[in-house]
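Given next are the chains, with one letter for each unit.
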Amino acid sequence: MGHQVRIEVNGTVYDREVDPRTLLVHFLREELALTGTNVGCETSLCGSCTVLVDGKAVKSCTQLAVQADGASITTIEGLAKGGELHPLQGAFREEHGLQCGFCTPGMILTAVDLLDSNPSPSAEEIREGLKGNVCRCTGYHNIVKAVQRAAEEDPS
Amino acid sequence: MSGVIGTSVKRREDATLIVGEGKYSDDFTLPGMTHAVIVRSPYGHAHINSIDISEASKHPGVVAVFTGKDVAASDIGGVVPTGWLLPDIKTPDHPILAIDTVRYAGDGVAVVVAEDRFAARDAAEKVEVDYEPLDAVTDVLAAVAEGAPQLFEEAPGNISFDWDLGDADATAAAFDRATHTAEVDLRNNRLIPHAIEPRSCLASFDTTTGELTARLTTQNPHLHRLLMSLASINLPEHKMRIIAPEVGGGFGSKIHHYPDEAIACFCAMQTGRPVKWTATRSETNLTDAHGRDHASHAEIALDENGKILGLRVETHAAMGAYLSTFAPAVPTYLYGTLLSGQYDIPAIHVRTLGVFTNTAPVDAYRGAGRPEATFVVERLIDLAADATGLSPVEIRRRNFVPADQFPYQTAVALAYDSGNYDSAMDRALELSGYDELRAEQARRREAGDSKLIGIGISSFIEACGLAPSQVVGALGAQAGLYESGKVRVHPTGSVTVYTGSSAHGQGHETTFAQVVADRLSIDVDQVEVVHGDTGEIPFGMGTYGSRSAAVGGSAISTALDKVVAKARKIAAHLLEASEDDVVFEGNAFHVRGVPSKTQAWGDVVLQAYLAHNLPEGIEPGLEETSFYNPENFTYPFGTHVCVVEIDSETGAVELQRYIAVDDVGNVINPMIVEGQVHGGLAQGIGQALWENAVYSDDGQLLSGTMLDYAVPRAHNLPFFETDRTVTPCPHNPLGVKGVGEAGSIASPATVTNAVVDALAPYGVKHLDMPLTPEKIWRAIHRNGG
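Residue numbers (this note's numbering), protein chains in the order written: chain A, 23 to 178; chain B, 414 to 1198.
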């Protein structure tokens, strides 16, 4: 039977009944139609499904929706505020940090968490910080540059 | 805007992708949609005694369950065809669901359609299949050994084809008179493409009109429609619409026509409900066509001056359990023809045996045959340097096709269009500080430093811009390899372009808009690019083989020629001038020598649609289509250098620097071109150092997850150092050669040459990829270290 959950996603509170085995990523994609969060491997290995749960980067394919009860979640759809792109979104575009775009939401949200805990990381620290997210298109070169650019632009 | 070609216009694709609004196949939902799960063989080779679907059918939420017998009993065709035939090739049937026998772990045997993905998955586990396991063979050389398990009666010895190219006698004679020879037995490791978006298909069938629509992960929607129409679901093409929405990477893996997409379509047709099938990562690893998997014996013959006299290669190329779409072409015409590399080699002979194994099918993966050829040639040339005592730089220079000898006819069928191999080598050596690197290496060797430095070079060639249709037709392609481009100028002067190229990350919406904007002197924002939809595009062969700019871009360019020609006729009429005196420049038509007489582009376009005052014989409107059939392949080239440091105590390799100098002809968008190089490098370096698809002897994929199959991650790689030389392609209108695969073609050899170079003091001549610490440690300590 279903479990009642209350989850805030991108500033909106949702009260929903979910099957206990529903993964957070399926809750986001199928229950809330937030398809910006992608499923690449369902095993926590590729990072495409990364979202922010209470500000921390979490692979939503390996968390149950019921575990997120009471949490506040940010997906890629909720990152831009008032029509303004988040500095990382702008930097990914400026630095050509994406090609097919499938890993991009997870990559950007992981980088948000990274810059939150380390606002001016070295290239090496960025690479370490992103190693849970696989990109098969870019060779990471421009992704690292994008994160560096965002860090420089938004020193907060 | 004239002059916009060659500038790094930011990608228009990104606006939706960075905010999560890009829609990939699995992101779509249709009313009444069901979900399909395919039941797959856990065995590498087995006879199917029976399949019991009764329990699965009763599972709550299940709509239907089908087996291979159901497919066979229908009239849909139900097989996956091979798109490239060779003389005497064996092409056993590949049913979309296995009927009597499964031939690899992952072979589909049944499909469950249910109201939701969970019911489908649960019910799939209730499909009872009684298998009788058979002996399997997964290694390409073991498969051709005496007494090996046989996959198909019609392919004795597991041989699908035995193909050769070049002059065997002349090559033998070259070896007879050689002063120096070198040889190597090498493996080119099997790879799993790992597009991050798993394959997916959402099929819906309108039972009243008989029309099928499928959104699927494809690099070539028209090709999928054609192959499905011909062999898999027997629906005429005008009743099928294939849409490639956003596609999350392909690297070749989404060229091929797989059973799964056809199964989803079959289910939609049978049930009358929309059916979505999306692979899990495990399924993609088991069933996406793998790449490479060659075993080769290669030899090179040289004269006393280090000039190459001949080259001889015999390759066993795994085909896997069935022949995938372009599989036969990859280790033959995309491989054997590249064995001349950048070198002037008078005699070459290559023999390739295509071998069935109990593994996932093998087909084109980024580079497709050309990385394998480059690996053979660039390993041999380093071994030849060793044999002759020449440096790796000197032996290459002595054998480069000189810049004044293009077009250059190789001994293996190709005619290289243009090149300047010394100049790319010069730039790569300069950028790398090559002499300094060698000096540092010498210092460390002298000092007995446990941190070994290795410097690797790879001077590579590729054949891209696939391809002249009449040539590939003569070689066995069951399709032409032209491309279509349609340019529709709207009455107010803005443009929609329809291209048969089908981007999945390459940025065509930006680069093709640049081509149009440059030609018509209009703003890039005045151009919309439409791709990836058989309902909108006249026809298309798709995006692979680094062909989109060279063939797809050229099709747009030639369609623009027609557009401008028609507009010029109208302008001449309006200007009351002779058409020959009217030139198009700066977004207006001018009468030569009369600067005051002009007609703005927008006015001419409007007149074309008003049709109030057109020249006689000119139809209203301004829209032109071109099917561009290339004259030749294009031949990008370059020299790459890399620097590795090896810890001799652990065997660990650190890739310290990677320098890539590529010549891809003219460049439309340098930012995108560099991005393509980066991505290719990561994949090729991945092959060299970490990636390896491993099967157990009985057919289990041991590296089936990203835990066991090491896709490169950010911390594994350095920043790349890239540069270009520019030698335009002389035979297409844009002068472009193509860039998608260069990185993955050059880098496996570059990295391997660097590692072998580092280990030279230990007498190491060759190591097979991936160059794991264990393999390197064993090589160092083979003789007690």
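It is possible that part of the hints are untrue.
List of simulated lysine-lysine pairs, DSS-like, C-alpha gap at most 25 Å [to be verified]:
#, chain 1, residue 1, chain 2, residue 2
1, A, Lys103, B, Lys1178
2, A, Lys78, A, Lys153
3, A, Lys103, B, Lys1188
4, B, Lys471, B, Lys436
5, B, Lys436, B, Lys423
6, A, Lys167, A, Lys153
7, B, Lys720, B, Lys1178
8, B, Lys423, A, Lys167
9, A, Lys103, A, Lys167
Calculated from the structure, these hints are not laboratory results.
All values reported here derive from a predicted model rather than from experimental measurement.
So which of those numbered hints doesn't the model satisfy?
Violated hints (numbers, rising): 1, 3, 4; every other hint is consistent with the structure.
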